[in-house]
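One letter stands for each residue in the lines below.
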Amino acid sequence: MPSLAGLFFWMNIKLENIKKLNVTKPLKLDCGKSIKDFPLAYETYGKLNGNKDNAILVFHALTGDQFVTGTNPITNKEGWWVTAVGPGRAIDTNKYFVICANVIGGCMGSLGPKDINPVTKKPYGLDFPVITIKDMIKAQESLLEHLGIKKLLCATGGSMGGMQLLQFCATFPDKTFSAVPIACSSSHSAQNIALNELARQAIMADPVWDNGKYVLKNVQPKNGLAVARMVGHISYLSEKGMQEKFGRKLQEKADYEFSFNADFQVESYLRHQGYAFVERFDANSVLYITRAMDYFDLSKQFKGGLVEAFKNQKTKFLIISFSSDWLYTTKDNKDIVIALNASGADVSYSEIITDKGHDSFLLDEPEFLKTLKGFIDSMYEKFKNEKRI
Amino acid sequence: MKNLKMKKEFKVIADLLPNNTRVLDIGCGDGSLMHLLRKEKNIEVRGLELNQDNVKECIYKGLPVIQGNAETELHQFPDKSFDYVVLSQTLQAFYEPEKVLKNLLRIGKSVIISIPNFGYWKVRTKLLLFGEMPVTKTLPNTWYNTPNLHMCTIKDLFNFCDEKNIIIKKVVGVNENKTSLIKKSNLEIKNLFSKVGIFLIS
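From first to last, the protein sequence lines stand for chains A and B.
The opening position of the first sequence corresponds to residue 2 in my numbering, with each subsequent residue numbered one higher.
The opening position of the second sequence corresponds to residue 27 in my numbering, with each subsequent residue numbered one higher.
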């Protein structure tokens with residue numbers, strides 16, 4: 002295995018060769034600061050048709066990136082949503098033009114804390130401004146402009162992707178014909194914030210982190226970052242799903258070792274997930290993105306709350322939740338439905354019954370994928386008709 | 027279940043509804059009625075449905091549907107947020123039909139309810155002559171597997187509305203392909219010969 006520093010060097014070289022838009026227009030951030038002339042990395046799949054009515058924007062989750070499907074050219078692993086997006090899949094790239102951008106604050110080519118601060122000529126670290134979900138989607142709106150798309154057929158995303166989508170719809174009420182927020186919430190709960198804080202504290206407790214200054218030394222607080230990822234992984238599974246997958250099974254051994262090695266399969270799984278993550282993700286990015294999620298509270302932005310946020314929505318919504326998701330529960334999702342109903346919006350809602358927890362939206366969950374496909378295909382027919390008139 | 031229901035009933039409901047209104051269909055099934063209302067009358071439809079397969083079917087058809095239970099989840103719809111709320115042949119299946127009905131009248135400016143009529147002569151005969159719980163086309167289940175908890179007759183619902191000061195605007199009786207207006211004056215006879223009663227109330 003190459004050294005971590007070497008790996009990052011190699012990753013940075015590869016990051017030079019991906020699609021990037023240089024956003025020249027200054028973006029005023031919620032925190033008061035502004036950024037301009039910054040890179041927004043993105044990827045597209047399929048072809049935009051002549052009428053430009055087949056574009057679907059995907060918003061990625063906390064640890065996702067723009068490489069939705071196919072092979073991620075940086076990690077050489079499968080895209081994070083191959084189950085749903087691709088030729089012949091629910092979001093069929095033979096038919097639709099799929100766009101996904103790396104969020105600002107991320108580490109897959111868009112402006113983030115490991116990039117060079119033009120003022121100091123050194124990597125930002127914690128000098129990077131605190132960003133919000135709203136800042137993320139505003140940056141992505143520039144991409145639509147660049148691609149010449151006035152109105153999307155659909156926008157979708159799960160988890161933090163769903164939050165970006167809700168914000169996108171509230172901020173730009175007529176930029177998308179339809180929207181599918183999946184397994185998300187209109188604001189982070191105390192438990193959501195607590196779990197994110199646990200992840201952040203794990204990173205900060207790693208001495209290598211050094212107040213975020215590790216970026217100057219080309220190292221990574223991998224122990225802290227791995228623990229942060231483990232916290233996440235537990236919250237993505239359900240109790241039942243975890244019990245069924247691992248139970249008390251031992252990892253390639255007949256009996257306890259009477260040590261602190263990974264005796265149990267579940268321990269081994271978490272360690273593997275944790276340490277695989279450090280090879281592709283930046284610790285400071287985790288801090289910034291989890292902070293953006295914690296600050297997210299759509300109702301706070303509008304006098305009159307969530308109902309007001311969705312006022313005058315022409316967008317047709319489908320909200321999907323998963324019965325065993327305890328991170329963004331069915332209730333969290335239903336609250337969005339209630340607000341959309343109260344504002345008179347066109348909204349559908351489906352709860353998918355599954356044991357697979359929050360992660361369900363990334364998995365091959367047939368009922369979910371069929372529902373997603375049915376909705377998008379029917380919306381395409383409507384959108385085409387509307388455009389014709 | 028909805029597929030088995032008389033198409034005639036949907037036709038009557040559609041005729042009761044003016045064009046270009048906002049309608050909530052409670053227990054919308056696979057969306058057949060919503061589809062009809064949207065296509066024929068340019069009605070802005072919404073559905074509420076419990077069954078996941080039915081929900082999926084509505085979504086495939088591009089019909090807005092919310093998966094949920096009318097017994098417990100009607101609170102999500104604001105007061106008078108619809109011109110009409112339609113409840114087709116499910117009132118009798120609720121634990122608390124009175125509570126549901128109150129909610130429907132809160133959500134809709136008007137409400138259309140259809141009920142399988144337990145006063146229909148074949149139903150009465152079955153019980154009276156054979157001493158068995160009636161099984162008919164409109165009541166296809168047997169006593170042990172019926173979802174119907176609160177069966178009533180057209181007359182019962184008529185009296186109920188009177189008692190609760192609910193305004194009855196129109197009642198239509200349906201028997202096979204024939205429909206007829208039901209009024210207080212012909213209530214007894216229509217209660218005997220209608221398979222289904224459709225009430226427009228507010």
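FYI, nobody ran anything at the bench for these hints, they're computed from the structure.
Quantities reported herein were computed from a predicted structural model and do not represent experimental measurements.
Keep in mind that the hints are not guaranteed to be accurate.
Stated by the list, open to error - Here are the computed lysine to any residue pairs in the SDA-like style, where the Cα-Cα straight-line distance is at most 25 Å:
1) A:K371 with B:K125
2) A:K371 with B:L226
3) B:K148 with B:E99
4) A:K304 with B:H101
5) A:K312 with B:G94
6) A:K388 with A:G126
7) A:K385 with B:K135
8) B:K125 with A:D175
9) A:K223 with A:G126
10) B:K163 with B:L131
11) A:K383 with B:H101
12) A:K374 with B:I192
13) B:K135 with A:E309
14) A:K335 with B:K152
15) B:K87 with A:G126
16) A:K152 with B:K148
17) B:K163 with B:K135
18) B:K128 with A:A343
19) B:K65 with A:E309
20) B:K106 with B:L213
21) A:K315 with A:G89
22) B:K106 with A:E387
23) A:K374 with B:E70
24) A:K312 with B:K125
25) B:K65 with A:G126
26) A:K152 with A:G89
27) B:K152 with B:E214
28) A:K385 with B:N77
29) A:K335 with B:D79
30) B:K190 with B:P160
31) B:K87 with A:K223
32) B:K87 with A:D365
33) A:K176 with A:G87
34) B:K87 with A:E309
35) A:K371 with B:K148
36) A:K312 with A:D175
Earlier hints that do not hold, by number: 1, 2, 3, 6, 7, 8, 10, 11, 12, 14, 15, 16, 17, 19, 20, 21, 22, 24, 25, 28, 30, 31, 34 and 35
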